[in-house]
Every structure is written in structure tokens, then in C-alpha cells.
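Asks: Residue numbers (numbering that gives the first Met the number 0), protein chains in the order written: chain P, 0 to 423; chain H, 0 to 423; chain Y, 0 to 423.
Keep in mind the hints are simulated off the structure, nothing from the lab.
Please note: incorrect hints may appear among the correct ones.
Which copy? The list can't say, so a pair holds if one copy fits it or any two copies do.
Said to hold, decoys possible - Result set (PhoX-like, lysine-lysine): computed pairs, CA atoms no more than 25 Å apart in a straight line:
1) Lys135 x Lys46
2) Lys359 x Lys46
3) Lys359 x Lys376
4) Lys254 x Lys376
5) Lys411 x Lys376
6) Lys164 x Lys254
7) Lys254 x Lys46
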Amino acid sequence: MYPMYDWACDLFPINRSLTGEGVRQTLRYLADLLPGLEIHSVPSGAKAFDWTVPNEWNVREAYIADEDGNRVIDFRNCNLHLVGYSVAVDQWMSLDELEPHLHSIPDMPGAIPYLTSYYSAYWGFCLTHDQRRTLKPGKYRVVIDSTLQPGELNYAELILPGTEKTEVLLSTYVCHPSMANNELSGPVVTAALAKWLMTLPNRRHTYRIVFIPETIGSIVYLSRHLEHLRQSVIAGYVVTCAGDDRAYSFLASRKDGTLADRAARHVLAATVGTWDEYSFLDRGSDERQYCSPGVDLPVASVMRSKYATYPEYHTSLDNLDLITPSGLAGAFDVLRRCLEVIEGNRTYRNAIPCEPQLGKRGLYPTISNHDTHAIVKTMMDLLAYCDGESDLLSVAERIGADFTACREIAEKLAANGVLELAAP
Amino acid sequence: MYPMYDWACDLFPINRSLTGEGVRQTLRYLADLLPGLEIHSVPSGAKAFDWTVPNEWNVREAYIADEDGNRVIDFRNCNLHLVGYSVAVDQWMSLDELEPHLHSIPDMPGAIPYLTSYYSAYWGFCLTHDQRRTLKPGKYRVVIDSTLQPGELNYAELILPGTEKTEVLLSTYVCHPSMANNELSGPVVTAALAKWLMTLPNRRHTYRIVFIPETIGSIVYLSRHLEHLRQSVIAGYVVTCAGDDRAYSFLASRKDGTLADRAARHVLAATVGTWDEYSFLDRGSDERQYCSPGVDLPVASVMRSKYATYPEYHTSLDNLDLITPSGLAGAFDVLRRCLEVIEGNRTYRNAIPCEPQLGKRGLYPTISNHDTHAIVKTMMDLLAYCDGESDLLSVAERIGADFTACREIAEKLAANGVLELAAP
Amino acid sequence: MYPMYDWACDLFPINRSLTGEGVRQTLRYLADLLPGLEIHSVPSGAKAFDWTVPNEWNVREAYIADEDGNRVIDFRNCNLHLVGYSVAVDQWMSLDELEPHLHSIPDMPGAIPYLTSYYSAYWGFCLTHDQRRTLKPGKYRVVIDSTLQPGELNYAELILPGTEKTEVLLSTYVCHPSMANNELSGPVVTAALAKWLMTLPNRRHTYRIVFIPETIGSIVYLSRHLEHLRQSVIAGYVVTCAGDDRAYSFLASRKDGTLADRAARHVLAATVGTWDEYSFLDRGSDERQYCSPGVDLPVASVMRSKYATYPEYHTSLDNLDLITPSGLAGAFDVLRRCLEVIEGNRTYRNAIPCEPQLGKRGLYPTISNHDTHAIVKTMMDLLAYCDGESDLLSVAERIGADFTACREIAEKLAANGVLELAAP
């Protein structure tokens, strides 16, 4: 299908953060994949609701060297070594002085943790606990050649117009440095969905696909499009943690029961069978903004192993070995089917009181016996439950049938004048 | 009580179908039982919503004879031998040529199946699989002396007026040839209910009782009375499969929760205890029309063994041995009680704020101790829950009491001015 | 805290009934405890909805003496010996003639039952079954020197005004003679709650606290204040059976789901964990009036061992040994917390679209890692669920947090301008 894993490999080494050259490099890569993707720039200091766009952060180099000049920790080896948004420093200090700036995980001695300090001036290094235990007392030179100064925040947006005014939102984030399930899987699966949507004939809804830095990015985006989104978006998904092969997960929107929630659960039940179900109480990504009171967009998340639930989360062990081509393909497939449900979901009603005479339209077997009773059951159920109030997804759930099968039959019945669309 | 089983025996041999002399003969028998029953006629070719009334079918004789003139299958022996609505034929043919026109059930080798082909020109014979295996190669003469030509469709209607404009619908069907549970039990139990309703003093609702051919009959009937029925019918039952002794069954209306559904479940719980519960997804008779979107009548079904669930269904084994006088009486009794609930169900409210002083009206024991607390509990519960919003059936369910007991007490309290009817 | 048990000991010996000197003596004692408590008087014969205030009943003495003048039963020893509202008598009679006027409990041979005959002229004596078995045939002199004549019915009312017009009702009853759980516990716990409410700074709601005779008292009270109460009361509790140490009980209001019900269940779950849950079908005290159709006040009951469920109920065994200081304190504590929930329950909404920037307000840790994610969870959950529609109690229940903790955080967030009160 789409070489999602290859894209992830290409993007993995880049040092992404809320802002900076790594984000732009990532967005340019995606723009090469997705014609029409527009990269936007918002200046540092710009206001977005309660927030201010932070300064732009860039790193030339960062390391800790011992008295012999050996770099014991070097940002060049792994960009997780540096706490995100670390301010510049160039200073000799003892190990004791250095300790408060070192971060490791005693319980996961082989993993480098991922830390950031976006909104409070700080510098620090992350390392494996194994390495930390080898550090000897002595003098160390700490060098962080970073800049944190007015610049810009970047995000990218792709609008794929449909035949109706209704919109579907896909949102994923590009602020995580070298990690794979959380979070290169989201951008690459989203890119594949965008490519698939481009091929969709007679696209009904408009698809609004955004690649943003998490939290500040969605807040900035909402602050510029809130009214339009509130009026247009009928469903949306945050695409995140979409790459490993261990589980499927679903996190409901705040109000639950929206079209995004219903479509996702229907597809998961039909294609995957079992999944880890989370409520909005377990939220953790940009649905925090999209579903916040006063914003209230119908946005849910379909994931593989959810953030904050798997051991490698937010460490250097969340790497390209953790995600797989089949893991990415599974997430893509479920999300694609969700979008198909949303595309095909319409509200029908019987065009004729009582049952229609299917026989004269060639829709009913000519011999009636106890076998043929079963054959036409799904068709008859659709006719019995399409009442102009329940949408097709509700009817499919009610009659225990797969949405795709229902959609095919409903469109056939509509073509024969037996069902009709309820007034928009 | 009413000799329902005897009626079924009288009616059993008649060859009923959607139309024809057998239907009229059946309706005349019922008209003899039920003064006021009016037989209606609708000409072939008449339109009813999406349907056209079919030609009338009559059979003089039908058989298959071997080369020696022996009638190996003869309609005179069992009218199930002939596929319903078979067109005329008189032809010699080989067994191989005959095979596509023969119908039997390999898994039930002793049963003649019941088949029809109403809306597609066809002829065929049904026989036991045991007999089919004995047919030898050779020439057979196939004779069906039937007519299928413009005539009429018949149904009968009995209106028993009440003191209010609200109506209760009872519908049963007269299109099945010689079968007993499905379906002579329905007409005979309905006839008994009609006789009982005639004896009911101060009948409150109008009872509309129809004997129709299934499907086309209810569609024709609805096409002529839809607006009136939608405005008047507060509850209704399709009376079908009401004769055997093996089970009680309930099939809810499409929207469920109507008065018909609530009354039936209350009565079944109070009198039978356990029953087979079916949803509208399991429908199969005229509720398909009565509950269809845009018609939406509150019609449910209370049955003994439901159609399509018992082995003898739609075969010659569904005969007079399968139904019993007590089976019919059980169905009659439950349905009668349902109608009693519907008759007695009113919405009361307290006529007095706070508890009334029952003592001064002689409604309360004079000594209060922990025993008498219990004695007046049901009366007090009615007073506490009759709030002008919940009808008496809801209150009875809420307080865990039998409807009949509640009705007696409520009427006593109303007679004493303590409860009053909520505005109509 | 408050010496509730001592108050109960003081009040225990008084002979209370619907009316009479014992009620006034009890109310004067309470008025000494509670400055501002006003004692009201309603003349016998006054109308209250369907009821008439009964004559006032007073007893000078009552006894049964044997032929030797020995008082075998004497009201002076225990005021339960006399059936409440017994009319005057002075008469010699045989044991056989006396029998219909004697009441004992064969299954509880050591208990004197509690009986009344308020609305039907009668006299009788209650005694232990053990004693009854010792009564010898012979002549007995029965003396009841009681008066039942026009006088007054008394109740007391304390209004503690708040800053808003909304009211909370506490109702307890003072018509039971010498019994402890049912019913001196109610008045003494209510008195303690009133004292506590007097100390509450910035009381928000108005507290309406009534000490009344059961049934006739609440009917009289409602007949004089119905419209005002219907417009003002947002929650209320009948305080009864609040003294033993064996159980906690909750009895819901008729409609359930009111603020009184929700607060009580939240507090019981948070502080007690398990309790006996009763529906309004199990009602038995003045909630019968407060929740009656047309009155519909949101009044529930939080109890220790509920009336009519414990063996000593309505007998002389419901005495000062049955209730304990800790039993009373437990009831007081739960009810006090219920009132705190009702005081603190407000409906907040986010003042800012999307998440607020908590960091710049010093409300968020500066380092973000997988530990601190958890630290701010409750704060973030409040922000995510306070949508201007759900009150704080609903939000606390939804996010699985304790109301008191939520209230503190919500008030802090409101003080920081992050939450705001939804329009009243």
C-alpha cells in the first residue's frame, strides 16, 4: 500500500520540538508526499486564547565532556539526550553540581527518558540509568549551544474538498523527536490516509488534515478556526500511537456518542473484535483541546498501543523496532474504514408506507419458503428501521449488520425508489 | 368457555389462500359466530400503496397421476400438496421434467411443506420426502385445474364501539390452508376475544377486529384506513400462533414501550411468569405493516410457540394434534387480560396535596401498629405514585403490584374523591 | 462536639404525642439550645388540606390496679404503657373484659409495644408479654385520667438565613414518647446540625429547620408554606433514626436523582462506603408528605438503622442503650457533609476556550514527564468537565473524585480566573 514504515525511517533522526528547524524539515518532507499541503508560520509571541506562542528553539550541539575532553553524553548520538527547550550553557561543574540536571529511569536502566521544559527556563540531559551509574566524580564541561529566541511556530494543513460542506478533521503531531509509536506513527499514517482520500471518487465531506505541534499547535489552530470548525466538523480523529502491533485502542470524545465514536466502535468491532476501551478521562493528546468545553468538536482517537500505557512510552526504547509495517497498516486500515463509514452514513426513510413490493422490482425471490425468509432479512430489516430519524450507522447497529453491507443494500434500495434520503 | 378447538376443526379442511372461495367460506363461518362481522371485497387490480391486489385463485382439482392413472399426489387428500397460486397445467412429463416442480424436506421426511408463489407465475406440488423417494421414473400426467383471474380479495371487519374514541386493533389472518397453530389458532382465538368483548359492560375503547389475508390484506386495510388508525389506535395485537401448549412468546412493536408492549409484558409476568421474548427484529407477520415507518401503529404480538421457531412450522405436521383446547385457552386468557389492562388503564392524580385522611373516610385501620402499616401499603403506594403523569400500569409496575388489584383500589379511591382522573 | 446523647437523656422521660404538654416541654428544651427557634401554635379544629388538627391530649395518670389496689400497670413507670390518645376511663372490669384493651408482642415477650389511636376514640394499655402471662383472672380497676379536648398543636421552626434565596429543609419529629433511635435521635442530631449551621461563615443557602409532630405536623406546615417551599427548597432531609451504631441507611426521594439524593449517596460512598439503600417505596416518615404528588419537594432521608427494620423498633427496647454517642455522631457527620456538599455545589464553566496555560499562573509543574502528568490530573479533569451544564457534584462523580477536593480546586481555579460560575 503506502510505504509508511519507510517514511518513518526517513523522519526518525530529525530533532523535532514545538518549534525549530526540525519541525520545518519534517513538514517539508510531508509536503513532498502530499501535494497541496501548506506550511503555515505563526510568529513567536502571537496570542492564542490563553497562550502565547513560545520562542523558537534550535540546537547546534550539546554534550557533556569529562576532564579528558571525552564526550560522555552527546546530542549527536541521540536527540533525546537533551531536555527539550534546554537553554544555552557552557560551564565546568562537578558531578554533584551536574546531578540535578541529569535524568534517567532507575526501573528502566537501558532507556533514555524523553523530557521537555517548554515554559520554564531550564537545561538538562537525559541518559540511561546504566550510563549514569558509570559517571565518576570529577569535573565535567557542559555545553549546550542552543538558541531560544523569537522565530516562528510551524504547522501544515491540507484541505481536500468534498461535495458537501461538512468536514472531517484528522489531526496529528510533529513535535516529538526520535520516537516511533509516539510519535512518528501518527504523521505517517495520517499521510497515508490523506493519499487514500485523494483517490476517493466523489468525496462527500471536506477533509481537513493538520500536522501540528501538540497542545500549543492545536490551541493556535483552534484560535484561528474555531467558529468554522464548530459549524462544519461532523467527526474527527487525533491520529497518534498508530504503529505497534500489540493492541488496538479507542479513546472516546468527551461527550461520547458522536459520529466519530460510533463509527470507530463499529469498525473496531467488525474488523478487530477486541480492543482496549478508554474514556475521555484517559485522554492525553490534542483531543484535550478539540473536546474542551466551549470547543466541543466530535473528536476521538483510534490507536494501537495508547500513549502512557506501554513500557517504552516516552523513552528511547520507543524506536523503529517497536513499530512495524503491519502495525501501521492495521491502524491505517481501521481509520480508513472509519472514514468510509462517515462518508457513507446517511439518513434514509421508507419512500412508501408499508413494505414495498420488492418482487415487482426484482428484489425478492419468487418462491417463498422458510429458507428465502432468511435471505431477504437484511434488506427487510433496513426497510423496517430506516425511518428518517436513525442514520444508517444506527440502523446497522440496531439490526446487527455490517455497515458496508447495509450501505450497499441501502444505495440499491434508494436507486430503486424504495428508500429515499430524509431531508438534509 | 368458547369452543375454539371445535371451530378450528370445522375450518381446518378449507383451502385458504390470499383470495378465493376458501377465504370467503372461512369468513362466512366467522360471520355466523360473530354478529356484526362485515365481509369486504376489493377487486383484483386495485392499488394499495405499492401493491396491486392479485387475481383470485381457485382450484377445482390438482393431481399427479402415473401411467396407470393412479393419482400418486392428490390435492383432495391435503391442500398443502399444491403450491399456493399454482397456474393451470395438464401435461404428460417424465419424472426428470417433473422434479423442478416437486418440493419436499429431506430433514423432515414425513412432512409436506407449505409453499406459495403469489407474485410469480408457477406451478408445483409439495409432498413428503418419504413419498418422493418412492416415485419411479416414467411418465406422469400433471393436472392442475385452477383459475387465476380477476375476481376479488376478501377480508372481514368487526367494529365494537366503546365510550371513548380510542381504538384497540386485533388483527389475524385467514390465508393459510390446512395448518393449525399457524394459522387457525389466530382466527379462532380472535373470534373468542370478540365474543368476550361483546359481553364487556361499559366498554371504553372501540375494538377494531380484522380477519385478513396476511401482508396484502393488511396493506390493503392500511391503505384505506391509515389516517384514522394513526389517530385512534392506542394499542393492538396481531393474533397468531396461539394454539399449542409448549410456550408463551412475546414479540415487541418496532418502537417497543407502547401500551401494547407494556400491557403484554405485565400480564405475562403476572400470569405466566416466563416466556420467550422476541424483538421486532424477529417479526414475521402483519406487524411488519402495522409498525412500518410512516405507519407506526403500537402493535405487538402475544403468541404460544412463535412462527418459524417450532419444527412443524409451515408443514403438514402443524395440524390439529399440535394445538389443544388448553393451548388456545392460554392464549385467549393472556390476550383477554391484556385487553383488560388496556381498558382499565387511566392516569390518576392525587386530588389533595399531602396524604389524604383515609381514616375519616373509613379507608384506614383505626389502630396503628407495625402490622397495619403493611396492610395499607398498596393503597398508600398508589396515592404516592399517582401524580397525573404516570398511568396506572406504570404505577403498578413501579410499586410491584398487580394491575388488577391496583385498578380496584384506584377506582375505590377515585369514588371517594381521593384520586381524580388527570385531564383526558 | 455537641452533647447529643446528653440531650437525648434529658428528653427521654417526657411523654410526647401529637399534641400536649410533653410536646411543648420538648420544644422549650430545644429552644433553650437553639436561639431563634420559634414555637408555633395551631388551634385544635384548624384545617390543613384534607386534615383537621385533633384535640389536645394530656394525661394526669393512668393505671390498672388489682382488687388489692396494687397498680399492676402504671403509666408513671413507662409512658409506652398507655396507648397514645387513650380516652378517659375509670371502671372495674374482669380480665376477660380487659383483654381487648391489652397489647403485647408474643414474639418479643420482654418488650412493651408502642401504639396510638389518634383518630378513633379508644383506650388501651401496652405491656410486656411476660407480664401479661402473669395477670390472674379477677376484677381490675382501670383508670385513665386523660383529657382530649380543644387545645393546640405545637411545632417549632428555626430559619437561618443565607446569602441566596435557595433553601434547605431539615425536618424531624417530636411526637414519639420514650424511645431513642426512633425517635429522639432525630431531634438531637437536628439540634446539633442547627448549632453547626449557626457557626458556618458566609452561609449560602437559607436553612429551614422544623421540629414537628409526624404526619399531621408536616401536613399543617406544608399547608401554610407550600408555595414558598416549592419555589425555594433545593434539597432537604427528614432526620430520623439517627442514633444507633449498627448501619447507615439511605431512603431516596420519590423522584430520586434530586440534589438531596445525589449529595447523600456521594457522601455515604466517600465516608461510609456501604449502606442500606431504600427506595421511596420503603418510605415511612414525613417524606410521605414532602414528596407527595403536587408537593414534590426534593427530600430524602439519611439514617442509621431505619425505622421498621430493626427488632426494637416501636417498643420499649428502643431505649437509651440502643443509641450511642458515636452512633449519633456518625449520623451528624454524614448529614453535615451532605449540607457541605449542598453549600459548595455550583456550576462552573471554563472561562477560556481550550486548556488554560496553568504554568504562567503557577498552577502547573515546570518539568513535564510521565509522573507529573498524574499530579495535575484532577485539576485538568475539572477543567475538562466543567462545561457550564454539569454541577460540581456531577463532575466529581464523573471524574471519580471526592467533592471536597474538587470544591477546593474549583474555587482556586475560579479565583485564578480559569473557571467562572455559569449564569445562576
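Asks: Does each hint hold? Answer for all of them.
Replies: Each hint tested on the structure:
For a Cα distance limit of 25 Å, the shortest separation of Lys135 from Lys46 qualifies neither inside one copy, at 46 Å, nor across copies, at 94 Å. In this assembly of identical chains, Lys359 and Lys46 lie within 25 Å of each other by CA distance solely across copies; the values are 14 Å between and 65 Å within a copy. Taking the closest pair of Cα atoms, Lys359 and Lys376 come within 25 Å of each other only inside a single copy of the chain (18 Å); across copies the shortest separation is 61 Å, beyond that limit. For the homomeric pair Lys254 and Lys376, the shortest alpha-carbon distance between copies (18 Å) is at most 25 Å, but the shortest distance inside one copy (34 Å) is not.
Taking identical chains as interchangeable, the C-alpha atoms of Lys411 and Lys376 lie at most 25 Å apart only when both belong to the same chain, with a minimum of 15 Å there against 50 Å between chains. Within a single copy, Lys164 and Lys254 get their C-alpha atoms as close as 23 Å, which meets the 25 Å cut-off; across copies the closest is 33 Å, which misses it. Taking the shortest alpha-carbon separations for Lys254 and Lys46, neither the intra-copy value of 28 Å nor the inter-copy value of 49 Å comes in at or below 25 Å.
The structure fails to meet hints 1, 7 from the earlier list, while all remaining hints are met.
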